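Enquirer: Assemble the whole structure, with the sequences as input and the hints as a guide.
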Amino acid sequence: MSTLIALASLAVLILVLEIINLRKTIVPLTLIGLLVALGFNICNFNTIDSFYNNMIVINKTTTLFSSLFIVLTFFIVALGQSFYKEQYDKISDYTSLKIFLLIGAYCMVAFGNMVMFFLGLEILSITLYILAGSDRTNIKSNEAGMKYFLMGSFASGFILFGIALIYGATASFDLDQIQLASSQLAMPKWFMVGFVLMLVGLLFKIAAFPFHFWAPDVYQGSPLLTTTTMSTLAKVAAVAAFYKLSLVFFPAMPANFSNLIAFLIIVTLIVGNVMALKQNNIKRLMAYSGISHAGFMLMAILLGKQAEPHLFYYMVAYAIAGIAAFSVILYVCQDKKEELVIHFRGFAKHKPVLAVTLSLALLSMAGIPILAGFFGKLFLFTQALNQGYYVMVVIAVITSIISIYYYFKVIIVMFTYKNADANTTYQKNFIYSTVAIIAIVINLIIGFCPSLIIDLF
Amino acid sequence: MAMNCILILLIYILGAGATLASNAKNAGKIALVTSLINAVIALILTADFLNGSDISFVQQWISNPNISLSFVVDGLSLTMLLLTTLLLPIIILASFNTLYSKANQLYALVLFMAFAMAGTFLAQDGLVYYIFWELALLPIFFIGLLWGSDEWKVRKRVMVTFFIYTFAGSLFMLAAFAYLYTKTGSFSWSDLSKVVLSTKEANYIFLAFFLAYGIKIPVFPLHTWQANTYEKSPTIGTMLLSGIMLKMGLYSILRWQMPIAGNVSENILKTVIVLCIIGIIYASLIALRSENIKRLLAYSSMAHVGLIAAGAYIGNTTGYQGAIIQMVAHGFVVVGLFYLADIIHNRYDSYLIKDMGGIRSQAPKFTTFFLIILFASIGLPGTFGFIGEFTLLFALSEKELLYAVFAGTSIILGAYYMLKMFQNAVLGSPNTKVFSEVTTKEYVVLGIICVVLIGLGIYPKLLTDLFI
Numbered sequence: 498m499s500t501l502i503a504l505a506s507l508a509v510l511i512l513v514l515e516i517i518n519l520r521k522t523i524v525p526l527t528l529i530g531l532l533v534a535l536g537f538n539i540c541n542f543n544t545i546d547s548f549y550n551n552m553i554v555i556n557k558t559t560t561l562f563s564s565l566f567i568v569l570t571f572f573i574v575a576l577g578q579s580f581y582k583e584q585y586d587k588i589s590d591y592t593s594l595k596i597f598l599l600i601g602a603y604c605m606v607a608f609g610n611m612v613m614f615f616l617g618l619e620i621l622s623i624t625l626y627i628l629a630g631s632d633r634t635n636i637k638s639n640e641a642g643m644k645y646f647l648m649g650s651f652a653s654g655f656i657l658f659g660i661a662l663i664y665g666a667t668a669s670f671d672l673d674q675i676q677l678a679s680s681q682l683a684m685p686k687w688f689m690v691g692f693v694l695m696l697v698g699l700l701f702k703i704a705a706f707p708f709h710f711w712a713p714d715v716y717q718g719s720p721l722l723t724t725t726t727m728s729t730l731a732k733v734a735a736v737a738a739f740y741k742l743s744l745v746f747f748p749a750m751p752a753n754f755s756n757l758i759a760f761l762i763i764v765t766l767i768v769g770n771v772m773a774l775k776q777n778n779i780k781r782l783m784a785y786s787g788i789s790h791a792g793f794m795l796m797a798i799l800l801g802k803q804a805e806p807h808l809f810y811y812m813v814a815y816a817i818a819g820i821a822a823f824s825v826i827l828y829v830c831q832d833k834k835e836e837l838v839i840h841f842r843g844f845a846k847h848k849p850v851l852a853v854t855l856s857l858a859l860l861s862m863a864g865i866p867i868l869a870g871f872f873g874k875l876f877l878f879t880q881a882l883n884q885g886y887y888v889m890v891v892i893a894v895i896t897s898i899i900s901i902y903y904y905f906k907v908i909i910v911m912f913t914y915k916n917a918d919a920n921t922t923y924q925k926n927f928i929y930s931t932v933a934i935i936a937i938v939i940n941l942i943i944g945f946c947p948s949l950i951i952d953l954f
Numbered sequence: 019m020a021m022n023c024i025l026i027l028l029i030y031i032l033g034a035g036a037t038l039a040s041n042a043k044n045a046g047k048i049a050l051v052t053s054l055i056n057a058v059i060a061l062i063l064t065a066d067f068l069n070g071s072d073i074s075f076v077q078q079w080i081s082n083p084n085i086s087l088s089f090v091v092d093g094l095s096l097t098m099l100l101l102t103t104l105l106l107p108i109i110i111l112a113s114f115n116t117l118y119s120k121a122n123q124l125y126a127l128v129l130f131m132a133f134a135m136a137g138t139f140l141a142q143d144g145l146v147y148y149i150f151w152e153l154a155l156l157p158i159f160f161i162g163l164l165w166g167s168d169e170w171k172v173r174k175r176v177m178v179t180f181f182i183y184t185f186a187g188s189l190f191m192l193a194a195f196a197y198l199y200t201k202t203g204s205f206s207w208s209d210l211s212k213v214v215l216s217t218k219e220a221n222y223i224f225l226a227f228f229l230a231y232g233i234k235i236p237v238f239p240l241h242t243w244q245a246n247t248y249e250k251s252p253t254i255g256t257m258l259l260s261g262i263m264l265k266m267g268l269y270s271i272l273r274w275q276m277p278i279a280g281n282v283s284e285n286i287l288k289t290v291i292v293l294c295i296i297g298i299i300y301a302s303l304i305a306l307r308s309e310n311i312k313r314l315l316a317y318s319s320m321a322h323v324g325l326i327a328a329g330a331y332i333g334n335t336t337g338y339q340g341a342i343i344q345m346v347a348h349g350f351v352v353v354g355l356f357y358l359a360d361i362i363h364n365r366y367d368s369y370l371i372k373d374m375g376g377i378r379s380q381a382p383k384f385t386t387f388f389l390i391i392l393f394a395s396i397g398l399p400g401t402f403g404f405i406g407e408f409t410l411l412f413a414l415s416e417k418e419l420l421y422a423v424f425a426g427t428s429i430i431l432g433a434y435y436m437l438k439m440f441q442n443a444v445l446g447s448p449n450t451k452v453f454s455e456v457t458t459k460e461y462v463v464l465g466i467i468c469v470v471l472i473g474l475g476i477y478p479k480l481l482t483d484l485f486i
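Protein chains in written order, with my numbering: chain D, 498 to 954; chain H, 19 to 486.
For the record, the hints were derived by calculation from the structure and aren't laboratory data. Incorrect hints may appear among the rest.
Okay, derived cross-link-like pairs now, DSS-like style, lysine-lysine, Cα gap no bigger than 25 Å in a straight line [as the list claims (entries may be wrong)]:
no.: 1; chain 1: H; residue 1: K417; chain 2: D; residue 2: K775
no.: 2; chain 1: H; residue 1: K120; chain 2: D; residue 2: K848
no.: 3; chain 1: D; residue 1: K906; chain 2: H; residue 2: K120
Since the model is a prediction, treat every value here as computed from it, not as a measurement.
Expert: Structure, rendered in structure tokens:
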């Protein structure tokens with residue numbers, strides 16, 4: 498709870514700082530504030546507590562997931578310092594929006610009540626709608642904001658309707674009560690319908706088949722830093738919420754419900770990886786790669802409570818690799834109108850360290866050993882085989898092979914150059930390169946010692 | 019005090035770092051010194067091992083899932099380790115013939131690859147083994163991509179095909195390991211080799227492993243990446259690939275596939291052996307028609323490793339021993355042959371056999387070396403190649419005489435296409451182009467290879483003591 502209060506005060510403080518003309522201190526103070534919030538969070542590590550009639554529940558899962566969110570926000574805010582240089586008069590808006598987004602994400606993992614869940618989801622979504630459309634003069638950004646807003650509100654509507662039906666069936670918004678009721682009483686049909694409606698909304702939010710169509714367009718149109726936020730923070734927050742809900746609702750579903758989820762996973766993996774093959778815009782490529790990773794995280798959700806450490810590990814590996822990759826993309830595309838793969842040509846000649854960083858980040862996503870992404874996949878495969886999902890694992894293996902192709906496309910482009918590329922200049926940017934290198938080092942460390950994460954549970 | 023086998027890995031990785039940090043001029047020397055140090059250490063380790071000292075290294079790495087960094091040495095591992103560490107200095111010395119741009123990066127990648135390959139041969143924990151197996155792939159991919167020959171576009175396509183092909187196979191192996199882990203709760207070799215599998219399970223595991231190893235070796239019909247990759251890679255990459263890296267596949271059959279999935283149904287095993295034998299004949303026939311010397315050597319190599327794979331899959335002691343002997347022999351022979359091709363390429367600037375000829379009258383020493391290595395390649399008695407090939411054919415005949423009959427054609431065909439190549443490339447009327455005699459460096463490399471091939475051919479006990 499102290500974390501939430503700290504974050505809320507931080508968000509307001511940022512707005513106040515703007516009023517009293519301390520614009521230059523906003524980003525550094527926010528970063529310090531985030532570290533303080535992280536400190537509060539870590540202090541709560543072993544406590545189990547609940548607040549406001551079980552509206553907010555603190556336990557180990559909550560603390561770990563929200564710590565990840567805070568770390569990701571830390572990186573994103575730091576990147577913002579450089580990204581919003583041209584519109585620095587609005588830095589307070591952008592930074593506070595990101596903190597609000599984090600508050601939403603926090604609520605989405607700490608909720609004990611469906612109302613709180615919905616509140617968190619909306620806080621997160623609305624800030625994202627604004628951020629997606631924040632490049633006002635760019636028609637693509639407008640389109641992205643509009644598209645995301647329209648579709649996102651439909652998804653929220655589905656979720657809300659689902660919550661209402663579940664309330665109708667169990668007479669409660671409280672997760673514990675719902676779990677109790679659904680395990681002991683015979684549930685009416687609309688309980689199931691309610692959860693399926695929620696499923697629609699959740700699949701939309703994590704961008705999984707068949708509700709993934711928005712992702713490439715919105716990722717492409719949004720300002721690059723918003724894309725970074727969407728594909729890292731927003732995605733893992735939605736997955737965490739989904740996971741928490743799945744623990745309550747999956748046991749109450751009919752026996753063959755897991756087949757449905759398994760089917761969705763398989764199709765998500767295939768769609769994400771196959772569609773990524775033909776992309777020449779790096780944002781769209783990352784969008785489809787994100788869809789396929791949503792498939793992997795769904796796999797962990799399907800495997801249930803046992804796979805919780807592995808889900809968390811996968812989320813950390815994916816999000817940190819995402820931050821590293823996007824930092825380098827930000828670096829390369831600083832003064833480019835569009836983020837095409839071709840812009841990376843010859844990058845390795847100019848900035849070998851950053852090129853290697855992006856390569857490692859992509860290799861981690863592809864699941865090449867010793868990087869964190871490899872262990873993420875390995876743990877999931879082991880768990881899935883343990884529970885007998887053989888076909889799913891085989892498909893996941895095959896789609897991983899497909900994914901190599903498009904990740905390598907980017908890597909190879911970086912190491913290719915023609916004489917014309919020798920003259921390309923890249924603006925120096927200390928923040929982007931530092932964040933990228935820190936993120937990839939974290940990725941390597943948890944790759945070398947997965948126990949650091951797994952043993953937290 | 020007995021040494022520890024992990025020392026070799028550490029020296030390789032430190033050497034790779036030092037090479038990367040140095041400048042292009044000294045990189046090759048640092049790499050050579052690193053590899054020589056390791057060659058000496060490997061010999062000391064062998065002496066320790068034969069004295070019965072414990073040179074293995076075991077350390078818990080991850081508790082859940084249960085993975086430990088265990089490097090245990092036995093005869094098989096040690097032989098492969100010796101092959102790697104002794105071949106590497108030869109390969110690096112051989113590469114000095116060509117001036118590579120950004121040599122520090124190239125040699126760092128080479129040492130890193132040696133690190134990964136040595137790790138593959140030493141690791142006794144399935145997952146650690148898998149990690150090293152994959153790590154070996156990345157450097158060779160970049161070596162081929164960045165230093166290879168031919169147009170960028172063609173080279174890129176070839177190397178990406180190679181990477182995806184081999185990576186695809188090994189992911190299935192990973193899935194197999196994950197499944198075995200769910201059965202045993204451990205990745206360690208000692209547990210996995212004791213696992214009891216039903217025939218159905220063993221079939222799937224066997225096939226998953228086969229995909230990984232069959233592509234790496236390569237076994238017909240999974241070989242399509244090979245000739246192109248060998249041709250487009252720089253010579254140093256080709257030597258690493260054919261001399262050491264494909265032994266990883268053969269070694270893994272002996273180490274992992276047969277002990278774990280030995281319960282596989284007889285039909286699958288027969289099919290795989292027949293595929294190996296088809297590969298021998300098929301590759302020999304293509305080699306017969308090849309006009310590019312590098313491609314010819316690639317196919318001849320495929321024919322030879324097909325025989326080794328068939329012997330390894332037979333699963334009896336003779337096959338096991340024959341496979342190990344022939345792996346070592348093939349490693350030295352194929353590096354020697356590619357080096358000879360590289361020397362000719364340096365003088366004539368061509369890999370096409372029709373551009374060569376008339377070398378003998380100008381360079382008798384070179385011709386002598388060529389002939390010795392060529393004889394070892396076709397398995398002439400007195401050379402090391404003969405011992406391996408004979409043991410393997412004997413092992414095949416123990417199982418089924420027909421196998422040996424068909425596989426035996428490889429010796430006849432091999433002799434035919436190699437001697438034909440020799441005749442067209444080296445003999446013949448004097449060429450108008452000048453072919454200078456071997457330099458001291460080349461003399462040393464070829465000399466060492468010939469000494470090994472003849473020495474072990476006459477007294478193979480030196481090597482076979484390790485694993486018999």
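Enquirer: Hints broken by the structure, by number, lowest first?
Expert: Of the numbered hints, just 1 does not hold.
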